[in-house]
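The chain contents come next:
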Amino acid sequence: MLLNASGCLDASTAPDVARSLDAFVTKTVTPLPREGNPPVRIAETEVGMVNSIGLANPGLEAFLADHVPRLAELGVPLWVSVGGFSADEYAASCAALDARAAVTTLELNLSCPNVDEAPESAAQIVAACRAATTKPLYAKLAATGDLAELARAVADAGADGLSLVNTLRGLTLDERSLRPPLARGVGGLSGPALKPVSLAAVWVCRRATALPIVGMGGVASGRDALELLAVGAHAVALGTVLFADPHAPARVRAELAAELSAHGFAAPADAVGAAHDRVLAASV
Amino acid sequence: MLLNASGCLDASTAPDVARSLDAFVTKTVTPLPREGNPPVRIAETEVGMVNSIGLANPGLEAFLADHVPRLAELGVPLWVSVGGFSADEYAASCAALDARAAVTTLELNLSCPNVDEAPESAAQIVAACRAATTKPLYAKLAATGDLAELARAVADAGADGLSLVNTLRGLTLDERSLRPPLARGVGGLSGPALKPVSLAAVWVCRRATALPIVGMGGVASGRDALELLAVGAHAVALGTVLFADPHAPARVRAELAAELSAHGFAAPADAVGAAHDRVLAASV
Amino acid sequence: MPELRRERLRVLAVEQVGPYSLLRVSRGMLTPGRPGQFFMLSPPGRLLPRPMSLCLAPPGELAFLIDAVGPGTRALCALAPGNTLDVLGPLGNGFRVDVRRPLLVGGGIGVAPLPYLAEALGRPPALLGFRSEHHAQAAALVPNAEVVLEPTYVTEPLAPVARRHDVLACGPEPMLAAVRELAPGAQLAWEAPMACGYGACYGCAVELDGSWKRLCVEGPVLVAA
Amino acid sequence: MPELRRERLRVLAVEQVGPYSLLRVSRGMLTPGRPGQFFMLSPPGRLLPRPMSLCLAPPGELAFLIDAVGPGTRALCALAPGNTLDVLGPLGNGFRVDVRRPLLVGGGIGVAPLPYLAEALGRPPALLGFRSEHHAQAAALVPNAEVVLEPTYVTEPLAPVARRHDVLACGPEPMLAAVRELAPGAQLAWEAPMACGYGACYGCAVELDGSWKRLCVEGPVLVAA
Ligand SMILES: Cc1cc2nc3c(=O)[nH]c(=O)nc-3n(C[C@H](O)[C@H](O)[C@H](O)COP(=O)(O)OP(=O)(O)OC[C@H]3O[C@@H](n4cnc5c(N)ncnc54)[C@H](O)[C@@H]3O)c2cc1C
Ligand SMILES: Cc1cc2nc3c(=O)[nH]c(=O)nc-3n(C[C@H](O)[C@H](O)[C@H](O)COP(=O)(O)OP(=O)(O)OC[C@H]3O[C@@H](n4cnc5c(N)ncnc54)[C@H](O)[C@@H]3O)c2cc1C
Ligand SMILES: Cc1cc2nc3c(=O)[nH]c(=O)nc-3n(C[C@H](O)[C@H](O)[C@H](O)COP(=O)(O)O)c2cc1C
Ligand SMILES: Cc1cc2nc3c(=O)[nH]c(=O)nc-3n(C[C@H](O)[C@H](O)[C@H](O)COP(=O)(O)O)c2cc1C
Ligand code: FES
Ligand code: FES
Chain Z
1 MLLNASGCLD ASTAPDVARS LDAFVTKTVT PLPREGNPPV RIAETEVGMV
51 NSIGLANPGL EAFLADHVPR LAELGVPLWV SVGGFSADEY AASCAALDAR
101 AAVTTLELNL SCPNVDEAPE SAAQIVAACR AATTKPLYAK LAATGDLAEL
151 ARAVADAGAD GLSLVNTLRG LTLDERSLRP PLARGVGGLS GPALKPVSLA
201 AVWVCRRATA LPIVGMGGVA SGRDALELLA VGAHAVALGT VLFADPHAPA
251 RVRAELAAEL SAHGFAAPAD AVGAAHDRVL AASV
Chain G
1 MLLNASGCLD ASTAPDVARS LDAFVTKTVT PLPREGNPPV RIAETEVGMV
51 NSIGLANPGL EAFLADHVPR LAELGVPLWV SVGGFSADEY AASCAALDAR
101 AAVTTLELNL SCPNVDEAPE SAAQIVAACR AATTKPLYAK LAATGDLAEL
151 ARAVADAGAD GLSLVNTLRG LTLDERSLRP PLARGVGGLS GPALKPVSLA
201 AVWVCRRATA LPIVGMGGVA SGRDALELLA VGAHAVALGT VLFADPHAPA
251 RVRAELAAEL SAHGFAAPAD AVGAAHDRVL AASV
Chain P
1 MPELRRERLR VLAVEQVGPY SLLRVSRGML TPGRPGQFFM LSPPGRLLPR
51 PMSLCLAPPG ELAFLIDAVG PGTRALCALA PGNTLDVLGP LGNGFRVDVR
101 RPLLVGGGIG VAPLPYLAEA LGRPPALLGF RSEHHAQAAA LVPNAEVVLE
151 PTYVTEPLAP VARRHDVLAC GPEPMLAAVR ELAPGAQLAW EAPMACGYGA
201 CYGCAVELDG SWKRLCVEGP VLVAA
Chain D
1 MPELRRERLR VLAVEQVGPY SLLRVSRGML TPGRPGQFFM LSPPGRLLPR
51 PMSLCLAPPG ELAFLIDAVG PGTRALCALA PGNTLDVLGP LGNGFRVDVR
101 RPLLVGGGIG VAPLPYLAEA LGRPPALLGF RSEHHAQAAA LVPNAEVVLE
151 PTYVTEPLAP VARRHDVLAC GPEPMLAAVR ELAPGAQLAW EAPMACGYGA
201 CYGCAVELDG SWKRLCVEGP VLVAA
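Top to bottom, those sequences are chains Z, G, P and D. Following our numbering, the numbering of the first sequence begins with 1 at its first residue and continues without gaps. Following our numbering, the numbering of the second sequence begins with 1 at its first residue and continues without gaps. Following our numbering, the numbering of the third sequence begins with 1 at its first residue and continues without gaps. Following our numbering, the numbering of the fourth sequence begins with 1 at its first residue and continues without gaps.
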């Protein structure tokens, strides 16, 4: 299953790309509209990019009124990424989205590096949202701290799945001026540099919980997607690679199919967790 | 000032390389000898490497008896990296090392991803060590969690400096078998993939505290060293690059000198924090 | 939304024009679009593509005038005939060409979109400012161009005639800001760092009517208020 | 400790030997060292260097026999004459050549150090095992070699004669383990993944006398207990 990573595709400017996915994930929506951070907001690094978009979004009200109806027409399952600055805000958004049939899944963005965080723990936020909606809840985490413990905590709090990983804190300097191009200095690091980190995160969470996992972080090829499946992801999301190539979903899909058959897997599902099985087998 | 990163150079097998540094940093020493983790312990990734050495070391007693006297003969300042599994262990090692004149600085490894961590917080460990030694204490941190807060906490607890950063948790899969080559699956990610992360960590800690900083993570060239200075490091350490090229210190030194003059800095010290100054200037 | 077309194109030539490089690629199935629209070019070895205005559209070709200011543009200028290059576009909103008394204004590498624009407008007069004689060699790409060199700014010859023309301009931000003062209603082609060029990343924020908008979606050509 | 010498060497030739590649580089100021010692070769585009035994040392040259099994060895085998390559060495402990009745034993790419070793020992007899005729072409590099092909293992002809010789062997781990049983006191050249090759990384751990030791420092040639 192939998705876009939240914040890396706008279905209104690229509907064909959105339709080429198995589900479309919105940019994170917060209760109130947000302008986002001042520019410069993006910069390339040697092996990735940094961004400090800062959750620019129209706010929940406009999102519900204007965006959801249009997104419903895409004809692909709709995942809404939910952000907030307190557990109450997250829960209120989930409650409002719960009524919308077009919305299939809620992804809680618990890990944006570019804005202040809610005071509550990830598990508390998940618990509050769980009480507010019956829709599937995915907890989106970054690869910091004790991920196994965090994964178990959000699972216990009622999460139905994990989205791994959000960006890491990164910084780059302009070649000549030696200044950070980003207005905020530090931003979220995404792209190839993140791949070993996202593989490790999925590996660790797969061992810690039975939750299905959407794996992401530096996926640029079918091989990358296969590796995320092998360490335990059930689905794979494309982020930064979409900026360079809006047609990446079709390419990655074709490459993944070739990789799967080269490694003797009849279907993507057969590859899920394969790296673990083989390690267990080898250590017997 | 150029150092090696802990665990990335053995002065006994490469004394000339150690002597080409401004200080030699030992591999982390723990109270008891450690065999380290079973092999395979290292593997290359696309933009870095992962290791799970697991703090293989002779233990404090043998280190004091056999290693310190030989290291003292190197003729470069000696930094000892101290590890442990409780604050008491760290403090006891610091007390034992305090008596050794040859040891100039103690670096507390508070962030090894390949072994279990002490139950106490980093600040508690630093405080315990502070009570045990008058030697300069550097706290070595990884780039996870709220680094600004952590940096302030270890500064308040009596640290004299920061070493940033240790490895991140990473994983790679074997091309053909799709198994993690590392026996433990997950390891510490080092090398170029880490550079934007270490730049961000130094940037954040420079703003949070006045402590001197040894910057490291993905340094492979004089340009990389300059960037770490510019975001606020006072010294730079070479890790993974030493594996490919034991003569990297001389090369990085020469390249750094050229970069400094190209950017109009008379001395390395003038470049320290330059990226911050310019941002502040630009925002006036 | 028009379909997003991306194709691997063959490099035909890289010609020096003063300090700039004119990168000529085979057109493939891509269309040149309207003057002022841009393409995302993926420099070999870089993660993100770079936005480039279309400079010229000879039959079967697309040509881009590039100033090598950093790693991405350097990699593009280092291409050689026979190499291939991934190109996405055309993108964004170009210049409206239904104007009565066009006057083109360009500064530095801002000259890039003007040759193609000049053809579309029937070779109107143009005012071009450059840093040096060397840079001014690019003026040869624009018909009917008057060139001024620093320390004179292009706004000096523009000021007296601005209100008699429909101004279409491209150049550095301070120049565009000055042109906006002199010629309300001018069509100005702006720049911002762009990761995607098609509205996906929200990286290219510019302030418009008091809020941040995506330049790649709303622009890059905007009408001066 | 001997000085660590690293130099950028010029590739002279890459010759096919069955499925393997014989990479020949100019020697520069590096010395070939003793048979069984190894060099760290930095494949273009890879972060870490790869350990390779010296296979041959023609005047002014160093030659390595390489099996392309992964990204690093593929990049080495893809080198072409005129390319350059960073090389560090010689490293580690080689074979002792003060033996009276040498018999070389090799399996697969484990043949790599034997040609240079054979020269040093005055072309002693050798037993080489290979997976196929194609692989066995590498036997041409070793004088006085008897070849066995799978499913026969090299241990079969070795068993009756092992105790009459001083065995020096290189090959896959199971082969070395079997040789160790047949020939106590044999000198065996082992492998382990290595990041540095000179004792810096502690990556190349092997169990020795009941504890993990660095193969690059203690070996790669170890005497079978
Ligand atoms: C719609 C559009 C059309 C463009 N058309 C052309 C063109 O036809 N020819 C051409 O040479 N360039 C054009 N540019 C600018 C070009 O895209 C940038 O110069 C290029 O992306 C820089 O990449 P780099 O990796 O070489 O340098 P970087 O390392 O990214 O930047 C080098 C220096 O230029 C500055 N810079 C980078 N991008 C921009 C930008 N977009 N605006 C202002 N400053 C910037 C950086 O801050 C830095 O100081 C256009 C930009 C846009 C948005
Ligand atoms: C002292 C020494 C001398 C060597 N001499 C030679 C030589 O002369 N010719 C030659 O072709 N090879 C030699 N090797 C092995 C060679 O170094 C490895 O094959 C190479 O490093 C693999 O790198 P890669 O990126 O191509 O493949 P990788 O992706 O690193 O590995 C491909 C496959 O080979 C396995 N592998 C990798 N390295 C080793 C190893 N050291 N031992 C066992 N399995 C491994 C991996 O697990 C994987 O399955 C030597 C190794 C050592 C330690
Ligand atoms: C420009 C940009 C904007 C992003 N915005 C969001 C967001 O709004 N919400 C969110 O949960 N993640 C956001 N992310 C993180 C991505 O969803 C994804 O987790 C991360 O980029 C790693 O994947 P990648 O390496 O494939 O890009 C953003 C990433 C980028 C690069
Ligand atoms: C093989 C290896 C062993 C390491 N051992 C230690 C160690 O014992 N103690 C420690 O504090 N850091 C250790 N590190 C981390 C490094 O000191 C350094 O923080 C990290 O590798 C980032 O720098 P680099 O990217 O330049 O390698 C080790 C790193 C590697 C690659
Ligand atoms: S460049 Fe990505 S939204 Fe405009
Ligand atoms: S390979 Fe690094 S210590 Fe042996």
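If you're looking for bench data, these hints aren't it; they were derived computationally from the structure. Treat the hints with care, as some may be off.
To be verified - Below 25 Å or equal to it, Euclidean Cα-Cα: the simulated SDA-like pairs (lysine to any residue) are:
1. D:Lys213 to G:Met1
2. G:Lys135 to G:Leu211
3. P:Lys213 to Z:Glu61
4. D:Lys213 to G:Leu211
5. D:Lys213 to D:Val97
6. P:Lys213 to Z:Lys135
7. P:Lys213 to P:Pro2
8. P:Lys213 to Z:Pro31
9. P:Lys213 to Z:Gly36
10. P:Lys213 to Z:Val40
11. D:Lys213 to G:Pro31
12. P:Lys213 to Z:Arg184
13. G:Lys135 to G:Pro39
14. D:Lys213 to G:Val68
15. D:Lys213 to G:Phe85
16. G:Lys135 to G:Pro69
17. D:Lys213 to G:Ala132
18. Z:Lys135 to Z:Phe85
19. G:Lys135 to G:Asp22
20. P:Lys213 to Z:Ala183
21. D:Lys213 to G:Ser12
22. P:Lys213 to Z:Glu35
23. D:Lys213 to G:Lys135
24. G:Lys135 to G:Ala23
25. P:Lys213 to Z:Pro58
26. D:Lys213 to G:Asp22
27. D:Lys213 to G:Pro69
As the list claims (entries may be wrong) - Counterexamples of contact, computed for chain Z against chain G with all Cβ distances above 12 Å:
28. Gln124
29. Thr133
30. Gly145
31. Leu194
32. Ala269
33. His276
Predicted model, so just to flag it, every value in this text is computed and none were measured. Glycine is no exception: its CB is placed at the ideal position from the N, C-alpha and C atoms.
Each hint tested on the structure:
1. D:Lys213 to G:Met1: This hinted pair is violated, its Cα atoms lying about 32 Å apart.
2. G:Lys135 to G:Leu211: Given that 25 Å is the threshold and the Cα spacing comes to 15 Å, the pair holds.
3. P:Lys213 to Z:Glu61: OK: Lys213 of chain P and Glu61 of chain Z at ~19 Å, within 25 Å.
4. D:Lys213 to G:Leu211: Violated, because 38 Å separates the two Cα atoms, which is more than 25 Å.
5. D:Lys213 to D:Val97: holds (24 Å)
6. P:Lys213 to Z:Lys135: violated (32 Å)
7. P:Lys213 to P:Pro2: holds (20 Å)
8. P:Lys213 to Z:Pro31: Roughly 20 Å separates the two Cα atoms, so the pair holds.
9. P:Lys213 to Z:Gly36: holds (10 Å)
10. P:Lys213 to Z:Val40: Between Lys213 of chain P and Val40 of chain Z the Cα gap is close to 13 Å, so the pair holds against 25 Å.
11. D:Lys213 to G:Pro31: holds (20 Å)
12. P:Lys213 to Z:Arg184: holds (18 Å)
13. G:Lys135 to G:Pro39: violated (36 Å)
14. D:Lys213 to G:Val68: Given pair Lys213 of chain D, Val68 of chain G holds - Cα atoms ~21 Å apart, limit 25 Å.
15. D:Lys213 to G:Phe85: Roughly 24 Å between the alpha carbons, so the hint for Lys213 of chain D and Phe85 of chain G holds.
16. G:Lys135 to G:Pro69: holds (18 Å)
17. D:Lys213 to G:Ala132: Violated, because 33 Å separates the two Cα atoms, which is more than 25 Å.
18. Z:Lys135 to Z:Phe85: holds (21 Å)
19. G:Lys135 to G:Asp22: holds (18 Å)
20. P:Lys213 to Z:Ala183: holds (16 Å)
21. D:Lys213 to G:Ser12: Holds, at about 15 Å.
22. P:Lys213 to Z:Glu35: holds (9 Å)
23. D:Lys213 to G:Lys135: violated (32 Å)
24. G:Lys135 to G:Ala23: Holds - the C-alpha atoms of Ala23 of chain G and Lys135 of chain G are around 15 Å apart, at most 25 Å.
25. P:Lys213 to Z:Pro58: holds (12 Å)
26. D:Lys213 to G:Asp22: violated (29 Å)
27. D:Lys213 to G:Pro69: With Cα atoms ~22 Å apart, Lys213 of chain D and Pro69 of chain G stay inside 25 Å; holds.
28. Gln124: Fine: 17 Å to the nearest Cβ keeps Gln124 of chain Z off the interface.
29. Thr133: The claim stands: Thr133 of chain Z keeps its Cβ more than 12 Å from every Cβ of chain G (closest is about 29 Å).
30. Gly145: violated (5 Å)
31. Leu194: violated (8 Å)
32. Ala269: Correct as stated: the minimum Cβ-Cβ distance to chain G is 15 Å, above 12 Å.
33. His276: The assertion about His276 of chain Z is violated, with a minimum of 8 Å to chain G.
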